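**Student:** This is what each chain is made of:
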Amino acid sequence: MSDDAKDEAPSDEESGSGNGSAGPPIIELKGIGKTYYRGKERLDVLKDLDLTIAEGSFEALMGPSGSGKSTLLNLIAGLDTASTGTIRVAGADLNAMSDGERAKWRASTIGFVFQTYNLMPVLTALENVELPLLLTNLGSAERKTRAKTALKVVGLEDRMDHHPRQLSGGQEQRVTIARAIVTDPKIIVADEPTGDLDRENADEILNLLDKLNQEFNKTIVMVTHDPAAADRATQLRQLDKGALK
Amino acid sequence: MNLGTLAVKNVLRNKTRTIMTVVAVAVALVAFILLQTVLTAWTAAADAAAKDRIASRHKVSWVMSLPLKYVSDIEQVPGVQKAAPFVWFGGKDPNHEDEFFATIAVDPPKFLEVYDEIQVEPAEREEWLQNRRGALVGDVIAKKLGWKVGDKVTIVGQIYGGDWEFHVSGIYTAKRRSVDRSTLWFHWDYLNESLSGRRKDQVGWIVARIDDPGRSAEISKAIDAKFEERDIQTLTMSERALQTSFLGMVSAVLKALNVVSFVILLIMVLILGNTVAMGVRERTNEYGVLRAIGFMPKHIVAFVLGEAVTIGALGAIVGIALSYPMVERGLGRFIEENMGSYFPYFRIAPSTLVTAAVLAMALGLVAAAIPAFRASKLDVVDSLRRVG
Ligand SMILES: Nc1ncnc2c1ncn2[C@@H]1O[C@H](COP(=O)(O)OP(=O)(O)OP(=O)(O)O)[C@@H](O)[C@H]1O
Ligand SMILES: [Mg+2]
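Protein chains in written order, with the working numbering: chain A, 91 to 335; chain B, 8 to 395.
For the record, the hints were derived by calculation from the structure and aren't laboratory data. The structure displayed is predicted, hence computed values, not measured ones. Note that beta-carbon positions come from the ideal geometry of N, C-alpha and C, so glycine has one too. Check each hint, because a few of them may be wrong.
Distance ranges between label pairs, derived from CB positions [what the hints assert, rightly or not]:
hint: 1; chain 1: B; residue 1: Tyr331; chain 2: A; residue 2: Phe306; range: 56 to 66 angstroms
hint: 2; chain 1: A; residue 1: Tyr127; chain 2: B; residue 2: Pro357; range: 58 to 68 angstroms
hint: 3; chain 1: B; residue 1: Thr12; chain 2: A; residue 2: Tyr126; range: 34 to 44 angstroms
hint: 4; chain 1: B; residue 1: Met27; chain 2: A; residue 2: Pro211; range: 18 to 28 angstroms
hint: 5; chain 1: B; residue 1: Thr362; chain 2: A; residue 2: Phe306; range: 55 to 65 angstroms
hint: 6; chain 1: A; residue 1: Lys335; chain 2: B; residue 2: Asp389; range: 27 to 37 angstroms
hint: 7; chain 1: A; residue 1: His315; chain 2: B; residue 2: Ala369; range: 44 to 54 angstroms
hint: 8; chain 1: A; residue 1: Arg255; chain 2: B; residue 2: Asn9; range: 19 to 29 angstroms
hint: 9; chain 1: B; residue 1: Thr12; chain 2: A; residue 2: Glu131; range: 37 to 47 angstroms
hint: 10; chain 1: A; residue 1: Lys335; chain 2: B; residue 2: Met27; range: 53 to 63 angstroms
hint: 11; chain 1: A; residue 1: Arg255; chain 2: B; residue 2: Ala259; range: 50 to 60 angstroms
hint: 12; chain 1: A; residue 1: Thr239; chain 2: B; residue 2: Met27; range: 37 to 47 angstroms
With a straight-line cut-off of 30 angstroms between C-alpha atoms, the simulated DSS-like cross-links for lysine-lysine are [unchecked claim]:
hint: 13; chain 1: B; residue 1: Lys384; chain 2: A; residue 2: Lys194
hint: 14; chain 1: B; residue 1: Lys384; chain 2: A; residue 2: Lys130
hint: 15; chain 1: B; residue 1: Lys16; chain 2: A; residue 2: Lys242
hint: 16; chain 1: A; residue 1: Lys194; chain 2: B; residue 2: Lys305
hint: 17; chain 1: B; residue 1: Lys99; chain 2: B; residue 2: Lys182
hint: 18; chain 1: A; residue 1: Lys238; chain 2: B; residue 2: Lys305
hint: 19; chain 1: B; residue 1: Lys305; chain 2: A; residue 2: Lys234
hint: 20; chain 1: B; residue 1: Lys16; chain 2: A; residue 2: Lys194
My request is simple: use the sequences and hints to build the entire structure.
**Tutor:** Here's what the structure looks like:
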C-alpha cells in the first residue's frame with residue numbers, strides 16, 4: 091500500500107508544494123451535513139459545509155468547543171460518514187465506500203494523532219509504531235526497519251524498548267506521530283495534538299508536524315485551541331456552529 | 008511482533024486478575040479431572056472384563072444358589088470350554104476387622120483354567136491344588152495384611168459362621184486387570200464338607216469360558232434355555248454385563264458426578280467470561296484507536312478470543328500440572344490400595360487430560376464470544392471519545 095502511495099506522490103513536479111504553496115486539491119467536501127439525534131431532538135452539527143484543502147498544505151482548524159471540529163476531522167479521515175453531501179479525499183469517494191473499504195483506505199492514506207493516551211500500554215514504543223504495518227504484507231524484518239526509521243524521524247530511536255508509561259507526555263505524542271507516518275500516508279489528521287502538553291513539549295510536536303509538512307510533503311489537518319499552534323499552520327480556518335468562516 | 012503478541016501481552020497486563028482467573032480455571036479443571044477419573048475408573052472395571060467369559064446365576068437373585076450339578080450341565084452346552092463354580096464366603100480377618108476383601112470358594116483346577124490371567128509361582132500353584140486348606144491370596148491384600156506364603160491364617164465366616172483356618176499356599180498377581188488382586192480363593196470342598204442338608208452341594212454362581220467371544224449372547228441364551236424346564240432357572244450374562252449391572256447400582260452416583268462436572272465447567276465459563284468482559288470494557292478506547300488505524304472488526308474479535316484462549320490454556324497447564332502428580336504420586340495409589348475392589352485402577356486417562364485441555368480453551372472461546380462480539384460492534388468514533 092505504502093509503495094503505491096509513494097508512486098503517486100507528485101514529488102517531482104510539485105517540489106515547491108511543501109513550502110506552503112498549494113498543490114491540487116486532495117480533500118474536497120461539498121454540501122456536507124452531519125446530524126445527530128438525541129431522542130427526538132435533532133442536532134445539526136455540520137450544515138451545508140464546503141471545504142477544499144490543497145495537497146501539501148498544513149491546515150489549522152479552530153473554533154469553540156462543540157462547534158464540530160472533531161466531527162469534521164473524523165469525516166475527512168473516513169472514521170465517520172456524513173449525513174449529506176460528498177467527500178472526496180485522496181481520490182476516494184468516502185461516502186460510497188463500505189466500512190471495510192474505508193478501514194483499508196485509512197490504513198494506507200491517513201495517519202492519526204489524537205490528543206493523548208492512544209498508544210497500546212502493553213507494547214513498547216517500537217511495537218506501537220510497528221502496529222499499523224501488521225496490516226500490510228511486509229515481512230517482520232522490514233516492518234522493524236521501517237518502525238525504527240519512523241522513530242528516528244521523531245528523535246526517539248534510543249527509547250524504542252520503552253513502554254508508554256516510561257515515557258513523558260511529549261515523548262508519547264512523538265511515538266504517536268511515528269506511528270502515524272510509518273505507513274507513509276498522504277494525510278495526517280491531528281485532533282488537539284498538543285492539548286495535554288506544556289509549551290515546551292507542545293512546540294516540539296509542532297516542529298515535528300512542520301517538518302513532516304515541509305520535508306515529507308504531508309498534508310496536515312490539525313484541530314487546535316492553541317493560537318501558537320495555529321500560527322504554525324499555512325492556513326487557518328474557523329468553525330462556528332457547524333459552518334466555516 | 009505479530010497480531011497474537013498483542014493478545015498475549017494484554018493477558019499479562021492486569022497480573023492479579025489474570026493469576027486469580029488462571030487459578031480459578033485450574034481449580035475447576037482439577038475438580039473436573041478428578042471426577043472424570045472416578046468415572047473412568049468405575050467403568051474401567053467393566054471395560055477390563057474378559058470377553059470370553061460368561062456368568063450364570065440363579066434367575067431370581069444373587070443370594071440364591073444353584074445345584075453343583077449345573078456346572079457339568081453347563082459344560083455340556085456347545086461352545087463352552089470349561090465351567091467353574093463360585094461361592095461367596097464372606098470372611099473377615101479378625102485382626103483387621105475394617106479391611107474389606109473378597110473370600111470366595113472355588114474348584115481350584117477349574118478356576119485356574121477359566122481365570123487363566125491369574126499368575127502364581129508353579130510351586131505355590133501346585134501346593135494350593137494339593138492342600139485342601141490352602142488359600143490363594145491376591146498380592147495387594149497380602150501386602151496390606153502382612154501375609155506371606157506358608158502363614159496360617161484364621162478367617163471368621165460372616166455367612167457360614169465360625170473360625171476357618173487357612174494355609175497361605177500362594178500369592179497371585181494378574182496378567183490383566185480383569186481379576187481383582189485383593190481376593191482370597193480357597194477350596195470349595197473344604198467349605199462343602201462342613202455343610203449338611205439343603206446347604207450341601209450348592210454353588211453361588213458359575214463362570215464359563217467360551218470358544219468364541221462373538222457368540223457370548225447366543226451361548227448365554229442356550230444355557231438359560233437348558234434350565235428353562237427345571238425347578239431352578241438361570242440367568243446368564245457376559246462378564247462385562249455382570250460388571251455393568253453391578254455398576255448400575257451406583258449409576259445414580261455416577262450421574263450426579265457427571266452433573267457436578269458440568270456445573271464446574273459452567274462456573275469456569277462464567278469466571279472466564281467475567282474477566283474477559285472486564286478487560287474489554289477497560290480497553291474500549293484502545294479498540295477505537297486500533298479500528299482508526301485500519302484494524303477490522305474481525306481483528307478485534309481475534310484479539311479478544313485470543314486473550315480468552317490464552318487464559319484457558321494457562322489454566323489448563325496449571326490444572327494438569329497440579330492434578331497429574333496428585334493422582335500419580337499419591338491419591339491414585341492410595342485409592343487403589345484402600346478401595347481396590349471399587350477402583351482397581353485409579354489413574355488419569357490421557358484422554359481425560361486432553362479433554363480437559365481442549366475444554367478449557369474451547370470454553371474460553373465460548374466465554375469470550377459475547378464480549379468479543381460487543382467489542383467488534385463498537386462505533387469507532389464513540390470509542391475514541393471514551394478516554395482511559
Ligand atoms: N455521537 C453523538 N451523538 C450526539 N451528539 C454528538 C455525538 N458526537 C458529537 N456530538 C455533538 O456534536 C457537537 C460537536 O462535537 P465535536 O466533538 O465535533 O466538537 P468539537 O468542536 O470537537 O469540540 P471540542 O473542542 O470540545 O473537542 C457537540 O455538541 C457534541 O455534543
Ligand atoms: Mg474535539
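**Student:** Against this structure, judge whether each hint is valid.
**Tutor:** Against the structure, the hints:
1. Tyr331/B <-> Phe306/A: 56 to 66 angstroms: This hint holds: roughly 59 angstroms between Cβ atoms.
2. Tyr127/A <-> Pro357/B: 58 to 68 angstroms: The hint (58 to 68 angstroms, Cβ to Cβ) holds, given that Tyr127/A and Pro357/B are roughly 60 angstroms apart.
3. Thr12/B <-> Tyr126/A: 34 to 44 angstroms: Taking Cβ atoms as reference, Thr12/B and Tyr126/A lie about 38 angstroms apart, which means the hint holds.
4. Met27/B <-> Pro211/A: 18 to 28 angstroms: holds, 20 angstroms
5. Thr362/B <-> Phe306/A: 55 to 65 angstroms: holds, 57 angstroms
6. Lys335/A <-> Asp389/B: 27 to 37 angstroms: holds, 28 angstroms
7. His315/A <-> Ala369/B: 44 to 54 angstroms: holds, 51 angstroms
8. Arg255/A <-> Asn9/B: 19 to 29 angstroms: The hint (19 to 29 angstroms, Cβ to Cβ) holds, given that Arg255/A and Asn9/B are roughly 23 angstroms apart.
9. Thr12/B <-> Glu131/A: 37 to 47 angstroms: holds, 45 angstroms
10. Lys335/A <-> Met27/B: 53 to 63 angstroms: The hinted range 53 to 63 angstroms holds for Lys335/A and Met27/B, with Cβ atoms some 56 angstroms apart.
11. Arg255/A <-> Ala259/B: 50 to 60 angstroms: holds, 57 angstroms
12. Thr239/A <-> Met27/B: 37 to 47 angstroms: holds, 42 angstroms
13. Lys384/B <-> Lys194/A: holds, 17 angstroms
14. Lys384/B <-> Lys130/A: holds, 24 angstroms
15. Lys16/B <-> Lys242/A: With a Cα-Cα distance of about 25 angstroms, the restraint between Lys16/B and Lys242/A holds, given a limit of 30 angstroms.
16. Lys194/A <-> Lys305/B: holds, 13 angstroms
17. Lys99/B <-> Lys182/B: Holds, at about 27 angstroms.
18. Lys238/A <-> Lys305/B: Holds - the C-alpha atoms of Lys305/B and Lys238/A are around 28 angstroms apart, at most 30 angstroms.
19. Lys305/B <-> Lys234/A: holds, 24 angstroms
20. Lys16/B <-> Lys194/A: holds, 25 angstroms
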